[in-house]
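Using the hints, build the complex out of the two chains.
Protein sequences appear in the order of chains B and X.
Residues 0 to 220 (numbering that gives the first Met the number 0) are what the first sequence spells out, left to right.
Residues 0 to 270 (numbering that gives the first Met the number 0) are what the second sequence spells out, left to right.
Keep in mind the hints are simulated off the structure, nothing from the lab.
Keep in mind that a hint or two might mislead.
[Claimed, not checked] Under the rule of at most 20 angstroms between Cα atoms (straight-line distance), these lysine to aspartate or glutamate pairs were calculated in the EDC-like manner:
1. B:115 <-> X:67
2. X:182 <-> X:77
3. X:267 <-> X:242
4. X:96 <-> B:119
5. X:240 <-> X:67
6. X:100 <-> B:119
7. B:115 <-> B:104
8. B:216 <-> X:122
9. X:156 <-> X:138
10. X:267 <-> X:257
11. B:216 <-> X:157
12. X:182 <-> X:207
13. X:240 <-> X:257
14. X:211 <-> X:200
15. X:182 <-> B:119
16. X:137 <-> X:157
17. X:156 <-> X:144
18. X:240 <-> X:35
19. B:115 <-> X:188
20. X:79 <-> X:14
21. X:137 <-> X:122
What you are looking at is a predicted structure, and each value in this text was computed from that prediction instead of being measured.
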Amino acid sequence: MQWDWQFTVEILPRMLWATVNTLMAAGIGYAIAAVLGLIFAMAQRTRFRSLTVTVREVVEFLRSTPLVLQIFFVYYVGPEYGVSLSPWVAGMIAIGLHYAAYLSEVYRGGIESVSKGQWEACTAINLSPAQAYRRIILPQALPPSVAGMGNYLISIFKDTPMLSVIGVAELMQAANAIGGQNYRYLEPYTIVGLVFLIISLFSAALIRSFENWIRRKLGMY
Amino acid sequence: MQDLSSYPLELTGPDVPMVRFMNVRKTYGDFVVLDDLNLDVAAGEMVTVIGPSGSGKTTVLRMLMTLETINGGVIYVDGKPLTHMPKNGVLVPADAKYLRKARSSIGMCFQHFNLFPHMTALENCMEGPVQVLGLSKKEARERAEELLSMVGMIEKKDQHPARLSGGQQQRVAIARALAMRPKVMLFDEVTSALDPEVIGEVTNVIKDLVTKHNLTMLMVTHQMGFARDISDRICFFFGGKIEEQNTPEELFTNPQKERTQQFLSAVKAAD
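With the rest of the complex left out, here is chain X (with noise of 0.2 angstroms):
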């Protein structure tokens, strides 16, 4: 177990990051999925994580949504610790209570998209507002309704997901996430699981999202050109740790690495 009391309470200063990840280390028994991750990425922010399979990038996503713990350093959001709670004046592993609290800035979008089957595309999107947020049914109806608009997704806001295409079910599940208005947006491979020709109709909801609203967002993606395109920077992931990160146009035209070089060729021959 390492000394927690190396880590600061909270980050201060003129440069505060929305995200670090400070030392971070995550293991199933003896494999290691990510070790000695440091990573921060910055308000407004869009960074995309890329690499081959096993490489640890999902996983830099779930720890951020406080679904999987960490084993080793701290993950902090906006300047406070995610994964671990002050306490007598060190940090120690965050408990429940805490992590519920922390983990309010924070939105997913899933693969599998894991809209609720059994609400409408309009109930989705208005529980958490209304169980976790209290808002009333009304001011949620009409956050929905708005979001629905944005993701064009309106006029299907009565269906249930069983209904709607896989395009459409990720639209209203990108809806449901920025209901709770988070900080911070996380894409887990959100077009891996679609249909190449819906794949745009997602794709340009993240696009506008980029462009029109001032959130932080991390992606995991295959989408190379839409990663290039949209993306601050990009993290080349391999073996557990960031091989290399660049901006997009540096990363793609000029890698430094030869793993890099070697992934991002073998990912242009399989287009």
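Looking at chain B on its own, in the form it has when it is part of the complex (with noise of 0.2 angstroms):
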């Protein structure tokens, strides 16, 4: 088979809406992700035993069980429990509940790597604990937890073909009904394999720099 440029002209456009569709997926589940990461974390540092049990369960769970089943169950079985959700809200919710799970990790690394003292100073000038949080302890779990939090957001990025099993219309899901429309499926999946390599390697460099700017710009050299 050889490879056809007028084909690969041809299927273009349709590839470009769909890559457009993949990082909405990526994004709407990252931003999910990492606001409920963050709670998770939160909720399994607090005072309240039964909270912090619950949601270390939760996380295991998530973290224990693969995405493409947790994607299956929000999308056939909600509805059996009358929670009918279209794909895009089911896949969202998925894939934003389980990489909220790693996410949660990796945060909790990072506000644990803030040393006790750090705590106290905060006591000691009588700052509430939502203000230690949010002025002195997250601000300084960022750093350490970017390479982390990089990793994962390449991760749910090469994650989003999942969602064409519940025909989300993300590249792999174009992809496919390109190859079985014309029977030709060499240069669509090349091109989704393009389409990936490239802004994965391009978020790793954009992490990276990201990194090294957050820690000079907090001072931490």
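Following this line, the structure appears as structure tokens:
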């Protein structure tokens, strides 16, 4: 089979549109995961033992079962209990929850890397726990977390093809559809691979410079 | 659990001390750190706590800063209970809200400075006044600059802690604590982590505070000469109790207890 440039050009607009959807899925999923992950991490540090244990178990569960199963579960099992969600919404919930579990561990590591002395200094100038987190602890927990957060950003991006199983129109689904209609898989799949490669490499470089920038910005050399 | 009803809801009378430890007990599991501690510190008094490591001296300061909970007794600050709060006419262990209010009259400097590394010297000193006391940025800046001048750090006000020496960081930490206008200042081995040549710049700042300001101070230190110079009273701790306390003159030249004598001669030999 020969590479067909004309076919490539023909399918390019559709592939680009799918790329936009993929980026959107990764972006929305990551935003959900980033916020929810922080809530998971903080919930595990409260004085309320039952809350801590429950969240710990939820995080373990989410990390120990396959993402694709979680996607199926939200999309196909939900309606049996009266929760019918569109593929997009179901997909974002599943992928957001799954990665929230991973990100909560990254945050937890970052928060725990801040020395006990910082908490004591917060008490000594009488900051409230919320002020201590927001002003002192989380800004210091960020730099050591950036690398891990970046890894999961690329990871979530590479996991978006799993959303094709419930019909979200992202790259993989577009490539499958194009391939099925034209009986040509070489070009669409190659484009998918290239798009993932380029965006992943670009993101990794961006994350590295962000990490350096944030360290400089926070005066931590 | 001991009976809290025997403790007064607040201290009254002409000689209310700034700080009173009343039958205070602190344990870690089975290990008794402090046993039935009774100690008064008068307003404006400078009291230094000395003693071998493990004698519970740092714990005294940490309890007063509410960094440690106590297992018995009550601590009063400025006549009001610190570790407990009045409820239905008796004292009960203080909740977080009460503690936050009660500890506002206390400031502390630490052995390892604990400056906020992501903030400049100036920002470190403005953080508490802006966030906790509700000062405007302008007011907080003026107060911070004044204090940084006092500790000789105004030229470095825009530096982050990583760019400062230990002695400089400790001076900023003192300014940060003072910016909260505490009535009681606690110094926990503030020179222990410093290189010998910069200890003087920190002790001079503290000496200045003693002579020019009417602060109540409690200090833990290994610098015996410094303690002798500036303290009104020295407490020698041993095995979780005050073994002996006296004016620096008396305690250093004429210690009464054998353990005090042993400790002082051991310290002298090491010097």
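Each hint, compared with the structure:
1. B:115 <-> X:67: With Cα atoms ~13 angstroms apart, residue 115 of chain B and residue 67 of chain X stay inside 20 angstroms; holds.
2. X:182 <-> X:77: Holds, because 9 angstroms separates the two Cα atoms, which is no more than 20 angstroms.
3. X:267 <-> X:242: Given that 20 angstroms is the threshold and the Cα spacing comes to 19 angstroms, the pair holds.
4. X:96 <-> B:119: 17 angstroms, holds
5. X:240 <-> X:67: Within the cut-off at roughly 17 angstroms; holds.
6. X:100 <-> B:119: 16 angstroms, holds
7. B:115 <-> B:104: 19 angstroms, holds
8. B:216 <-> X:122: Between residue 216 of chain B and residue 122 of chain X the Cα gap is close to 14 angstroms, so the pair holds against 20 angstroms.
9. X:156 <-> X:138: 16 angstroms, holds
10. X:267 <-> X:257: 15 angstroms, holds
11. B:216 <-> X:157: 13 angstroms, holds
12. X:182 <-> X:207: 16 angstroms, holds
13. X:240 <-> X:257: 15 angstroms, holds
14. X:211 <-> X:200: Measuring from Cα to Cα gives roughly 17 angstroms; hence the hint holds.
15. X:182 <-> B:119: 19 angstroms, holds
16. X:137 <-> X:157: Holds: residue 137 of chain X and residue 157 of chain X sit about 16 angstroms apart, inside 20 angstroms.
17. X:156 <-> X:144: Roughly 8 angstroms between the alpha carbons, so the hint for residue 156 of chain X and residue 144 of chain X holds.
18. X:240 <-> X:35: The hint holds at about 7 angstroms.
19. B:115 <-> X:188: 17 angstroms, holds
20. X:79 <-> X:14: 14 angstroms, holds
21. X:137 <-> X:122: 12 angstroms, holds
Consistency with the previously given hints is maintained throughout, with no hint failing.
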